[in-house]
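There are 2 protein chains.
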Amino acid sequence: MRIVSASQFDGKRSVDSGTMEQQEAVQAILLAVRKRGDEALREYTERFDRVRLQQFRVSEAEFTEASDQVTPEVKAALVEAAANIRDFHERQVRQSWFTTKESGTLLGQIIRPLKRVGLYVPGGTAAYPSSVLMNAIPAKIAEVPEVVITTPPGADGKINPAILVAAQIAGVDEIYKVGGAQAVAALTYGTEQIRAVDKIVGPGNIYVALAKREVFGLVSIDMVAGPSEIAVLADDTANPRYVAADLLSQAEHDPMSAAILVTPSQVLADAVAAEVERQLADLPRKEIAEAAVRDHGAILLVNDLDEGFAVINRIAPEHLEIMIDDPFAHLGKVENAGAIFLGPYSSEPVGDYFAGSNHVIPTNGTARFSSPLSVDDFIKKSSVVSYSKRDLRENGHKIITLAEQEGLAAHGRAIAERLRDFDSEK
Amino acid sequence: MRIVSASQFDGKRSVDSGTMEQQEAVQAILLAVRKRGDEALREYTERFDRVRLQQFRVSEAEFTEASDQVTPEVKAALVEAAANIRDFHERQVRQSWFTTKESGTLLGQIIRPLKRVGLYVPGGTAAYPSSVLMNAIPAKIAEVPEVVITTPPGADGKINPAILVAAQIAGVDEIYKVGGAQAVAALTYGTEQIRAVDKIVGPGNIYVALAKREVFGLVSIDMVAGPSEIAVLADDTANPRYVAADLLSQAEHDPMSAAILVTPSQVLADAVAAEVERQLADLPRKEIAEAAVRDHGAILLVNDLDEGFAVINRIAPEHLEIMIDDPFAHLGKVENAGAIFLGPYSSEPVGDYFAGSNHVIPTNGTARFSSPLSVDDFIKKSSVVSYSKRDLRENGHKIITLAEQEGLAAHGRAIAERLRDFDSEK
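Read top to bottom, the protein sequences are chains A and B. First residue of the first sequence? That's 1088 in this note's numbering, and the numbers climb one at a time after it. First residue of the second sequence? That's 1088 in this note's numbering, and the numbers climb one at a time after it.
So here's chain A without its partners, still in its complex pose (with noise of 0.2 Å):
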């Protein structure tokens, strides 16, 4: 693993916008879908994931069949882990709020959960029952009535079984078994089977990032996800092994994922670069986090933590460990990172988990204005006004003045028209 000074690292990284081919096969997927439906399904269904369905939802006797192939090691893990992941983020729940003045007038703003949700789940080796806990689950705490997702079947027409359990577990309504850019499709458009919903979540492969990002406006869609990152600040105190370990526990997920070393210690960074090489050697997915390593690792030294954090807050990491001597202390110096993990037993697989915070959280330097998914995520609010007769005869014609002043007439109007009913009144 490279050691550079931090000043002659620059880190950027780019958002892959696909290619034309990617971007015009997306698009003709979807006019393809919008016009045809289930049909359009079934035909991109047998073209990319070799099967041909006829009804897309997932049946009851599946489910039962789904959880006897779960271990039970398994499925006791992620009930509790869902339980975890309620209870952190039923703390994000908010209230309506409303405001009396004592001129009559009230005003305030109404939280109301999304009414129906869908959420993406890729098919394959990267079928991830955490992902269904962790995206479903705000959804739900939000009161999201119906949160159905579509993921793509295996070419014997079946789900990931674990993907199913931790679908129940969490409470989701419907499942369907459609991927790729038809999916989106699907929850865009709406078919015959699949009704269309207001908000579309979870992670994809190019395509279906590519589809979310043409349907945004249409329905409401997440971030689109980028490859995972570490950033890890530490000092001498830091143990090397868990630093090395926490680095290529996110290398190993993509050959573009970043794991970055910030430290001002010589001794701490040969030591992480030693046991980086040590763990790699016989790690399964090897190639991988190799690749990560080399291409998107680098330990970076500093003349001390405040320009780790520094450096730290350019980053904009998605997951941050900070193992340095009292990091309570230091807390208030990151300012953007998606997740903070603080002290030698934080190691962020913990949150990829089983600590109960969301592990949906902003990539790619976007820590600087994005939030991890929440509750949040699934509400909307509407401003409520009710404005008393006492309110307006005292400022309408501030109102009017102010429209007037727009060149927006019929707005002064609106209340011209009142305000001379007042004056009758007297």
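There may be inaccurate statements among the hints.
Claimed, not checked - Taking lysine-lysine pairs in the DSS-like style, the calculated list, with each CA pair at most 30 Å apart, reads:
#1 B:Lys1420 <-> A:Lys1202
#2 A:Lys1162 <-> A:Lys1245
#3 B:Lys1202 <-> A:Lys1420
Said to hold, decoys possible - Rough simulated footprint, nothing fancy, chain A against chain B, three-plus residues with beta-carbon under 8 Å:
#4 1119 to 1132
#5 1452 to 1464
Stated by the list, open to error - A partial selection of chain B residues facing chain A, derived with a Cβ cut-off under 7 Å:
#6 Arg1282
#7 Asp1323
#8 Ser1352
#9 Ala1368
#10 Asp1369
#11 Pro1371
#12 Ser1444
#13 Lys1468
#14 Ser1469
#15 Lys1476
#16 Gln1492
Quick caveat, the hints were computed from the structure, so don't treat them as lab data. Model, not experiment: these values are computed from the prediction. For every residue, glycine included, the Cβ atom is placed at its ideal position computed from N, Cα and C.
Model the placement of chain B on the given structure of chain A, informed by the hints.
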């Protein structure tokens, strides 16, 4: 104004995604500003705004000059409106939170303001000081340290004085004389004179909208606003003059604006139709309002109020006025509406200018999943996990189970690395 049965009303509206020429023009502008910075800004400003500028930033002298050009009445109304907007939005402020467990684990969520936000303000006749207040004040309540405005200059190189006055009242930090897609480019990539921002908000023409859509992901953007809309749900108790005036107040915005009355009362429907004609007659923006009413206006007859609410929820209007007997008793029937105005005195312009709620509200049916602009739009959240040794010892093997089920061995090893040390301590 046409009167039709609600069952015959489609009301589908489309999103203007621009012509191919417009899209290509926007991409060329983005690229030029990205590569050549201020020099490209100068060229585009000369071409589109017909003025050559050396310095883009508005000077102190220009603020003073502007202040002298705005009447005391307008200033006083803006100051009072700003106070109301502050009062409303302060109620939206959220706190960071933590929860501690007896096991030593701490979990939480930190709320921080974005660091730098750009507000696009249209020029010419669409320069609305009220919009400056509505966009900038929530950012300042969120404690964004740097709020900057870009707005196109007139051919004399000046900015609308009321915009500058409103910006000072709202506490805006910097104003630059740049408009169009080139302003969005400057805010996204930064130039010599204009530093890049984390988020761009504010309305604009089709070029601004396309540019915002294009840079989405590099910076955060607010919703892409469509033409304004109002829906009024009214019964026999409503005053047809008020209903008509309020419908026209939105119709005057844009020939594409929608103004819809939903009512079970044929008597009211006829009276409002007549009133709209009467009030249209001498409206300064008569042509615009007339086109809006003709092309996007309708009076929809329903069998009863419950059907009326169902129609409203399908429309998901930006503005909803409810002028019926005991409106609060029916408030819970509204599922989709950006801002809800109750009773005869809550004329929609009250909310546009003065009550304190935000007037940046989701259009075009997106109130199904979007919310009015709020303090939430100017903050970001970070999760915090400080996991205890005791919890890791207790739960580590469950985390490993879940990681291995997903085929992510390095995730499991990061945990196992710690568990091994715990075992050796025994």
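Checked hints:
1. Distance restraint check for Lys1420 of chain B and Lys1202 of chain A: the Cα-Cα separation of roughly 14 Å lies within the 30 Å cut-off, and the hinted pair is therefore satisfied.
2. Restraint check for Lys1162 of chain A and Lys1245 of chain A: the C-alpha separation of about 19 Å stays at or below 30 Å, so the hint holds.
3. Distance check on the hinted pair: Lys1202 of chain B and Lys1420 of chain A sit about 14 Å apart at the alpha-carbon level, within 30 Å; holds.
4. Figure legend: the segment 1119 to 1132 of chain B, annotated as covered by chain A; annotation inconsistent (0 residues with Cβ-Cβ distances under 8 Å, at least 3 required).
5. Judged by the Cβ-Cβ criterion of 8 Å, the segment 1452 to 1464 of chain B is covered by chain A as claimed, because 9 of its residues qualify and three suffice.
6. Given hint, Arg1282 of chain B at the interface with chain A, is violated; its Cβ is 13 Å from that chain's nearest Cβ, farther than 7 Å.
7. Interface restraint check for Asp1323 of chain B: the shortest CB-CB distance to chain A comes to about 18 Å, outside 7 Å, so the restraint is violated.
8. The restraint placing Ser1352 of chain B at the interface with chain A is violated, with a minimum CB-CB distance near 19 Å, outside the 7 Å limit.
9. Because the closest C-beta pair between Ala1368 of chain B and chain A is about 12 Å apart, greater than 7 Å, the hint is violated.
10. With a least beta-carbon distance of about 9 Å to chain A, the hint placing Asp1369 of chain B at the interface is violated under the 7 Å criterion.
11. Using the Cβ-Cβ criterion of 7 Å, the hint placing Pro1371 of chain B at the interface with chain A is satisfied: the shortest such distance is roughly 5 Å.
12. Annotation: Ser1444 of chain B was flagged as interfacial toward chain A, and the flag holds, the nearest CB pair being 4 Å apart, inside 7 Å.
13. Interface hint at Lys1468 of chain B: satisfied, since its Cβ lies 4 Å from the closest Cβ of chain A, which is below the 7 Å cut-off.
14. For Ser1469 of chain B, the interface hint holds, since its Cβ comes within 7 Å of a Cβ in chain A; the closest pair sits about 5 Å apart.
15. For Lys1476 of chain B, the interface hint holds, the least distance from its beta-carbon to any beta-carbon of chain A being 5 Å, beneath 7 Å.
16. Hint status for Gln1492 of chain B relative to chain A: holds, with the closest Cβ pair at about 5 Å, below 7 Å.
Comparing the model with each earlier hint shows violations of hints 4, 6, 7, 8, 9 and 10; every other hint is respected.
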